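Visitor: Chains as they are written, first to last, in this note's numbering: chain A, 89 to 505; chain B, 89 to 505.
Derived from the structure by calculation, the hints contain no laboratory data.
Nothing here was measured: the structure is a model prediction, and the numbers come from that model.
Some chain B residues judged to face chain A by a derived CB distance under 10 Å, without partners named:
| # | residue |
| --- | --- |
| 1 | Gly107 |
| 2 | Ser119 |
| 3 | Gly162 |
| 4 | Thr164 |
| 5 | Ser201 |
| 6 | Gly241 |
| 7 | Thr372 |
| 8 | Asn385 |
Quick list of simulated restraints, FRET-style, between CB atoms:
| # | chain 1 | residue 1 | chain 2 | residue 2 | range |
| --- | --- | --- | --- | --- | --- |
| 9 | A | Gly293 | B | Pro256 | 46 to 56 Å |
| 10 | B | Ser473 | A | Asp166 | 23 to 33 Å |
| 11 | B | Arg261 | A | Ser201 | 38 to 48 Å |
| 12 | B | Arg261 | A | Ser233 | 33 to 43 Å |
Built from N, CA and C at the ideal position, the CB exists for glycine as well.
There are 2 protein chains.
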Amino acid sequence: MCEARTAVIVSAGTELTEGIIQDTHVRFLASELTALGFAVLRGVQLPDDAALFRDELARASRDACLVIVTGGLGPTTDDLSREIIAEAAGTALVFHPEAWEALLARFTGRKVSDTNRKQAMAPQGFPLIANPNGTAPGFHGMVGSALVVALPGPPNELRPMFSRSVVPLLRERFGGPGEEDILWGTALMVPESNLEEGLRKCMRGGVTWGTRVDEDRIVFSLRGGSAADREGLLRDLTSTLDAARIRQGETRPALLLTEALLHAHTTLVTAESCTGGLIGKYMTDLAGSSRVFWGGNVVYSDEAKVRLLGLNPRALQEHGAVSEHTARAMAEGALAMSAADAGVAVTGIAGPDGGSHEKPVGTVWIAVALRGGDCQARLFTFSGSRDMIRRRTAVAAMLFAEARVLGREFLDSRAKW
Amino acid sequence: MCEARTAVIVSAGTELTEGIIQDTHVRFLASELTALGFAVLRGVQLPDDAALFRDELARASRDACLVIVTGGLGPTTDDLSREIIAEAAGTALVFHPEAWEALLARFTGRKVSDTNRKQAMAPQGFPLIANPNGTAPGFHGMVGSALVVALPGPPNELRPMFSRSVVPLLRERFGGPGEEDILWGTALMVPESNLEEGLRKCMRGGVTWGTRVDEDRIVFSLRGGSAADREGLLRDLTSTLDAARIRQGETRPALLLTEALLHAHTTLVTAESCTGGLIGKYMTDLAGSSRVFWGGNVVYSDEAKVRLLGLNPRALQEHGAVSEHTARAMAEGALAMSAADAGVAVTGIAGPDGGSHEKPVGTVWIAVALRGGDCQARLFTFSGSRDMIRRRTAVAAMLFAEARVLGREFLDSRAKW
Numbered sequence: 089m090c091e092a093r094t095a096v097i098v099s100a101g102t103e104l105t106e107g108i109i110q111d112t113h114v115r116f117l118a119s120e121l122t123a124l125g126f127a128v129l130r131g132v133q134l135p136d137d138a139a140l141f142r143d144e145l146a147r148a149s150r151d152a153c154l155v156i157v158t159g160g161l162g163p164t165t166d167d168l169s170r171e172i173i174a175e176a177a178g179t180a181l182v183f184h185p186e187a188w189e190a191l192l193a194r195f196t197g198r199k200v201s202d203t204n205r206k207q208a209m210a211p212q213g214f215p216l217i218a219n220p221n222g223t224a225p226g227f228h229g230m231v232g233s234a235l236v237v238a239l240p241g242p243p244n245e246l247r248p249m250f251s252r253s254v255v256p257l258l259r260e261r262f263g264g265p266g267e268e269d270i271l272w273g274t275a276l277m278v279p280e281s282n283l284e285e286g287l288r289k290c291m292r293g294g295v296t297w298g299t300r301v302d303e304d305r306i307v308f309s310l311r312g313g314s315a316a317d318r319e320g321l322l323r324d325l326t327s328t329l330d331a332a333r334i335r336q337g338e339t340r341p342a343l344l345l346t347e348a349l350l351h352a353h354t355t356l357v358t359a360e361s362c363t364g365g366l367i368g369k370y371m372t373d374l375a376g377s378s379r380v381f382w383g384g385n386v387v388y389s390d391e392a393k394v395r396l397l398g399l400n401p402r403a404l405q406e407h408g409a410v411s412e413h414t415a416r417a418m419a420e421g422a423l424a425m426s427a428a429d430a431g432v433a434v435t436g437i438a439g440p441d442g443g444s445h446e447k448p449v450g451t452v453w454i455a456v457a458l459r460g461g462d463c464q465a466r467l468f469t470f471s472g473s474r475d476m477i478r479r480r481t482a483v484a485a486m487l488f489a490e491a492r493v494l495g496r497e498f499l500d501s502r503a504k505w
Numbered sequence: 089m090c091e092a093r094t095a096v097i098v099s100a101g102t103e104l105t106e107g108i109i110q111d112t113h114v115r116f117l118a119s120e121l122t123a124l125g126f127a128v129l130r131g132v133q134l135p136d137d138a139a140l141f142r143d144e145l146a147r148a149s150r151d152a153c154l155v156i157v158t159g160g161l162g163p164t165t166d167d168l169s170r171e172i173i174a175e176a177a178g179t180a181l182v183f184h185p186e187a188w189e190a191l192l193a194r195f196t197g198r199k200v201s202d203t204n205r206k207q208a209m210a211p212q213g214f215p216l217i218a219n220p221n222g223t224a225p226g227f228h229g230m231v232g233s234a235l236v237v238a239l240p241g242p243p244n245e246l247r248p249m250f251s252r253s254v255v256p257l258l259r260e261r262f263g264g265p266g267e268e269d270i271l272w273g274t275a276l277m278v279p280e281s282n283l284e285e286g287l288r289k290c291m292r293g294g295v296t297w298g299t300r301v302d303e304d305r306i307v308f309s310l311r312g313g314s315a316a317d318r319e320g321l322l323r324d325l326t327s328t329l330d331a332a333r334i335r336q337g338e339t340r341p342a343l344l345l346t347e348a349l350l351h352a353h354t355t356l357v358t359a360e361s362c363t364g365g366l367i368g369k370y371m372t373d374l375a376g377s378s379r380v381f382w383g384g385n386v387v388y389s390d391e392a393k394v395r396l397l398g399l400n401p402r403a404l405q406e407h408g409a410v411s412e413h414t415a416r417a418m419a420e421g422a423l424a425m426s427a428a429d430a431g432v433a434v435t436g437i438a439g440p441d442g443g444s445h446e447k448p449v450g451t452v453w454i455a456v457a458l459r460g461g462d463c464q465a466r467l468f469t470f471s472g473s474r475d476m477i478r479r480r481t482a483v484a485a486m487l488f489a490e491a492r493v494l495g496r497e498f499l500d501s502r503a504k505w
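Using the sequences provided together with the hints, build the complete structure.
Guide: Below is the structure:
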């Protein structure tokens with residue numbers, strides 16, 4: 089048995105390598121194994137091909153201490169996992185009468201095909217792993233110095249088998265999860281390269297990091313070093329990049345705004361032009377959003393701005409749809425038309441067309457009005473595709489609204505994003 | 089160059105092998121490559137680790153004629169693809185001033201970090217692949233006898249780059265079926281397993297298929313057999329699954345509705361409850377949507393339904409927010425409040441909470457009202473997560489509106505989705 093906790097995950101099935109179905113096992117198992125302290129060296133999708141399977145199994149069992157094979161345990165001829173694993177272990181397949189009985193019990197009243205007998209077989213000396221939700225049991229045993237665990241492909245069979253049977257087995261064989269702690273953080277409205285530069289500048293005590301870019305945020309993890317080192321790095325990063333942009337833990341803009349609204353016992357109304365409903369979509373992604381999200385207006389046309397929000401057509405004409413005046417009038421109009429306590433409005437040029445020298449694509453005005461309070465507006469200049477400009481606008485609007493609802497000043501927006 | 093069309097797909101990123109995010113590139117690329125006549129020998133997810141990357145690239149370029157590397161082209165130190173591919177090709181990295189100019193143009197007025205310079209570099213002799221949606225161009229060139237193609241990780245950058253630049257490159261280098269030998273189709277509101285079953289049932293003359301599941305549709309390709317076989321299969325599939333659900337070519341619900349609105353010289357107003365703005369978001373994803381999309385109301389709370397759409401509070405109370413009466417009143421109210429010609433309204437229970445025995449999670453009423461015409465409503469029962477129910481609701485609403493705007497009857501909706 090090798091010392092380090094290293095693992096390779098192999099998903100077998102031609103439907104994976106022809107792109108017919110999406111492999112989800114690598115993600116599930118990688119997440120579980122990482123939590124157990126394993127380093128996953130790779131995930132692999134293979135077609136049902138004996139030579140490729142044999143080659144990959146040989147390589148994986150040399151490279152890693154643990155190899156998890158998913159799929160290929162069905163009754164048909166292209167289900168190869170049993171045969172290839174037995175061959176690699178230098179043993180024969182043996183029939184397990186108790187597995188056969190269990191299989192027959194599942195088929196009560198239905199004709200069992202002879203090909204199903206294969207599903208009661210496993211490499212000699214490999215204990216079975218019970219499958220409460222399907223016909224094929226799993227099994228585990230050594231191939232060279234690696235523990236090989238074979239599990240069936242259907243996720244509703246594999247996942248409970250992994251949790252109930254494989255996790256205890258791995259704890260027993262490989263010991264508990266590593267003590268290495270992780271500190272999570274979220275970066276908002278920070279380009280990936282700026283985040284990296286900030287992390288590098290604040291680096292200390294052998295702390296390393298990983299990042300994951302989502303459509304509305306970047307989640308990062310700090311690991312290694314001491315807890316004090318990781319916390320110090322996060323503190324330095326926050327003062328370098330602004331507390332509005334760096335948050336401890338994993339969060340998202342809509343969640344931050346929702347928490348602020350709950351905290352302030354406030355409800356929100358939106359007035360969206362260029363985002364077309366995206367802010368409302370983000371807010372209502374969260375279950376239970378009805379406690380804080382009153383509703384909104386998608387005022388894509390000028391006529392909608394006039395009819396739904398009561399904007400003055402002359403003023404709209406004079407200042408233009410993308411202007412501070414219009415953004416403020418939208419936020420105040422949305423408040424006036426609703427029973428909500430806070431109104432956020434966005435109007436901008438998402439492109440690819442519609443830009444001009446004075447108002448290039450990416451020019452966005454955002455305004456937040458509070459009932460019985462003030463109305464503030466900010467100009468942003470976003471770069472990127474139409475999709476990116478719209479997402480950045482929605483994120484900025486949610487963070488601006490969060491700050492105003494909490495009575496905080498919002499960061500200077502003159503920078504480019 | 090090897091003869092057979094064999095390929096290996098490598099996705100780089102520690103977030104993949106730690107199970108933080110789901111790799112979707114292997115599936116997308118495997119489907120596309122299969123359609124181009126390639127046998128995909130394996131898909132691999134690797135952590136950002138130089139030794140593992142080097143090893144896998146060496147092995148892949150021995151095993152296959154084509155190696156596609158995704159990810160690892162960002163500006164940060166754990167982005168290794170450029171360095172490892174250059175090393176494997178035995179060349180140095182060279183700076184591309186034109187790529188740097190393009191990158192600077194994207195950053196207009198913003199501070200470009202020095203780490204970004206790395207994104208304008210590629211292995212010597214490797215032509216760049218333009219990236220219209222991001223900062224990192226791709227590149228391609230030979231490593232041993234394999235063509236290696238490197239593409240950035242974000243799907244909205246990778247997918248158009250693959251379609252526009254890599255497909256023509258592969259056709260030129262490897263030959264294979266031309267675009268005229270593939271028949272593309274789009275399945276809407278069809279569960280993946282039903283589509284698969286339908287395809288299998290209608291199969292003829294050695295036609296094979298690949299599918300790609302997107303958030304609002306499944307795109308499928310038919311290849312092999314004769315043109316008549318492929319067209320016959322599509323015809324049979326359409327009559328099996330309904331012409332509203334199977335469309336020739338690659339399309340999407342918002343595009344179909346936009347085309348119908350343009351055709352009928354009609355504008356649209358939305359009234360969204362459970363979707364919270366998602367229909368507006370989908371409609372305005374398309375540039376130029378202002379020609380057909382007038383605007384909308386996000387009426388998440390009952391109060392918003394009353395104040396923004398003029399619903400009668402007593403009737404709303406009596407029938408409930410999720411009812412045929414409310415859906416119709418919402419569509420008609422949206423029309424009355426706007427200058428648009430067609431109104432689409434959705435109200436439903438997206439879950440996970442809020443369901444009851446009579447109205448379980450997934451119960452959705454959709455209504456479409458035409459100015460000077462009738463108002464029709466349909467009951468849908470969607471299954472899945474909150475996110476899936478919301479997406480399915482938005483898709484059904486757009487297709488229902490398309491049918492009504494074109495004066496067609498809409499499919500029976502009583503089935504489960």
